[in-house]
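> Each chain, letter by letter, is given below.
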Amino acid sequence: MKDVLWPWGAQMFVHYPWVVSMAFGAAALLLSCLTWIRWNKK
Amino acid sequence: MPLRFKGSRDWKPDKSKDAAAAAPAQEEADGQALSGDLASDLATFKSCFDRLSDMVFREIRLAGPRKAALIYLDGMCDVGRIDTDILKALLQESTGQALKDAPVDAMLGRIDEQIVHAAQTTKDRLIGSIADHILGGKTALLLDGVKEALLIGTQKWESRSIDESPSEPVIRGPRDGFTENIRTNTSLIRRRLKDKNVKMEAMQTGRISKTQIVLVYVEGIADPKLVDEVKARIKRVDIDAVLESGYLEELIEDSPLTIFPQIMNTERPDRVAGLVLEGKVGILVDNTPFALVVPVTMFDLLEASEDYYQRFIPSTVTRWLRLWLAFSALVFPSLYIAITAFHQEMLPTSLLLSIAASREAVPFPAIVEAFLMELAFEGLREAGVRLPRPVGQAVSIVGALVIGQAAVQAGIVSATLVIVVSFTGIASFIFPAYSLGVAVRLLRFPLMIIAGTMGLYGILLALLALLIHLAGLRSFGVPYLSPVSPLRASELKDVLIRAPWWAMWWRPMETARMNPNRMKRGLRPRKPERKG
Amino acid sequence: MTKISLYQLFCGILFFQQGTTIIFGFSSGAGRDAWICTLLSTAFGACLVYLFTVLMRLQDGLMLTEWFPALFGRYVGVPIAWLYFVLFFYDASRIIADLKFTINMIMLPDTPEWAVLAMFMLVAVYMLFNGIEVLFRIAGILVPIVTALYALQIILLLSSGTMHADFLLPVAGEGWARIWRNVWPLSVMQSFGETLLFAMFWPLVVNRRKAAKVSVSVVFCSGLFLTVLNLLIITTLGEGVYKRSIYPTISMLRLISVGDFIENLDALGLMFFIVTTFFKLSFYMFGCVFAFRQLAFVKNDRRIIVPLAAVSYCVGITMSNDIVEHIQSGFEELQYYVWIPLMIGIPVLLLPFAWKKSKKLKEGT
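Chains as they are written, first to last, in the numbering used here: chain A, 1 to 42; chain B, 1 to 532; chain C, 1 to 365.
Worth flagging that the hints you see were computed from the coordinates, not collected in a lab.
Treat the hints with care, as some may be off.
As the list claims (entries may be wrong) - 30 Å max Cα-Cα, derived DSSO-like pairs, lysine-lysine: (1) Lys357(C) with Lys243(C); (2) Lys3(C) with Lys231(B); (3) Lys3(C) with Lys225(B); (4) Lys210(C) with Lys357(C); (5) Lys156(B) with Lys194(B); (6) Lys213(C) with Lys493(B); (7) Lys243(C) with Lys356(C); (8) Lys225(B) with Lys156(B); (9) Lys493(B) with Lys3(C); (10) Lys67(B) with Lys147(B); (11) Lys210(C) with Lys362(C); (12) Lys520(B) with Lys194(B); (13) Lys356(C) with Lys213(C); (14) Lys147(B) with Lys194(B); (15) Lys210(C) with Lys493(B).
From just these sequences and the hints, can you work out the full model?
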């Protein structure tokens, strides 16, 4: 566990902070697909 | 092989011919009307009351050729009154004269209005309901040629005299408690609230027990929606018998899966009267002295009626003491376990040393010894309820002392723990409402387990979870933690302290929104002016 | 429709803003001038929260994640709204990571971390099942109790004779630069920027105009509490210890010693921490649940709660290996790369759009 670089992990944040921001954005876009698919269930 | 009896889910009606013949015949008979012919009617009743050995059929002759019969249930009737007020009245000479020339149709009416000496009478045609009335203690008078029967109210049965309720004694306050007779109970409330707006609606539940239920509420204070909801829930109950109000309690409450009671049960009429005046609904159930009051908050369950009869300062202090002890009863053993097992640094050094010394010889970890002692205590208490009275007191005291002392000397438990357990035990008796006390006592055990595994952290989380549970409970729509939870500051004066009577102008808003004014302002007593 | 009273809103936000500061301290980098820092942060924080309430009023009854689809439509608005969901989720997991280190280090060193956190998460899930109304109710019940205990602690501290007012001197001796460095961005964002979360709950409050006023006034109240906390810590521990210790409050509480009899009450300080942290976590998770419910059109909350809690638990446990890197990522990278853009950047950018739209609506009617 300790050596894995999780995209949300502190290690990642400290060394490559922009990766984390990208991860945020990517997650948001991915979840948006969920909304767009289900848009008609409104 | 699943049990098949009427009411179990596997029951299927027996398809054989005889059964089919018997059952509908009974159903038919219930819906049938009197035929008018005395002989056949009597035969119907006799078959209906087949093998009821306490049913009595008395045939008489009125005014010449007119035949009549009386049917009553021995044991439920006042036989002396039947003799003097009915039989004597019917069999007198003058009666015979009065009835001789009367037409058949009017005869029953004349008997009812002019001859029978009875305070309550009704008339009925249907065999089924006549049978129900007779089983309830009334006497039925059947006349040959008349399709109606006269039902005379002669109910009387043995019942306990009014005595102090053993489960809720007080130092100051009335000592009459409800009995098993619903009429006595309604009279106890009527004596306290002599107003025509105090309504007592009668209902009946239980297919076989046909238990009478009376709803007590004050029209104009109680929310009509609440009353309707209570009535609807009771009507929904379709059970064979309601032997005690506890049956009803479980069938009409909001959340059946919680251990916390959402309906109060009490033996004291002054308690019911007080709560009814706040807009709540009282439910009296026949054959049990325990009346129900609905809706109820946790703080209602923590109040004793005596709080209102003593002066406000001692009552306030008593209330604080009660809250403190209630909390201890829940949490004290868990705190002991958590602190001795995980957080020893919190104790002052000398206390820590003495606890350590007393726990030296004990082979078990704190949680195990606490569990053992608590279980033993609970066992003693429960067994003590069923001990015969002369033996009971001595055995429980001696038992507790001896067991405690011996256990300490044998090195099974530590002396400190005995103190903790006995204090907790005493604290758990502080609850005026037994049902709430039981809930708290039970919760002690899971809390002890959590304290043993996760210390103070665990206790805190468990208490949080408990608080979450309580904050979400409702009793007939009223939040369980009112007036603390949907905060109503003006009502806190009856929860946190006991405000003096001259300051309690409002009734609780949750139940008495329609009519919140209880008294005139400015009633605080003033010193009389000195003259001269 | 669940309705939340203004008192309950006040209490909820108060606990939320106290959050983890009770243990970690607030603007500790400023040393003995931390209390000045706190006062300044409160002022800025109030402005920030005011901005949030203005946005809320302009949007008229929509919760945070509804603002973006309403203003920017389906293709631009929805991803931005989801961004906030991810933010709340990340913040919730952060809280679990905070807890992981704290409980392990101070309260229960021998108990496995996953068990301790699992218990916490279970209670949080139970809370979620019971609904937001209950959370606010409990906040209303616990605030007076916690405040009373807090006051008791202060009294105990005072009577232990461990406070030295001269630790505060010289005031601003190291210069104002140090103070300002700590006000922005960390102190303002930490408690007050996070209050943006309540934009998810403001529609549920009884009176929206007053809700705005209450929300801003809570900032001042929180600021007061935090200033008092800072003063206590500084006068008891002094600047050096405060700057260097990870858990200044614990060290401070350990110093309480009244009459040789009441000692070592740090476990009680942790009680506060657990309560406020529980509230913070619950609020964040409710935010996630509401956002998910709205954006993914899910009708039954229960289906969201359990998976959400499970994933958050996993993310929280794997987030950091030790507290040092956890604090560093939280105090530095997190601020610039995530919080400032999402909590200040986007709301400020939103303002003109929201204003234009509400003007359009007013003219239309």
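> Okay, which hints does this one fail, numbers in order?
1, 7, 8 and 14
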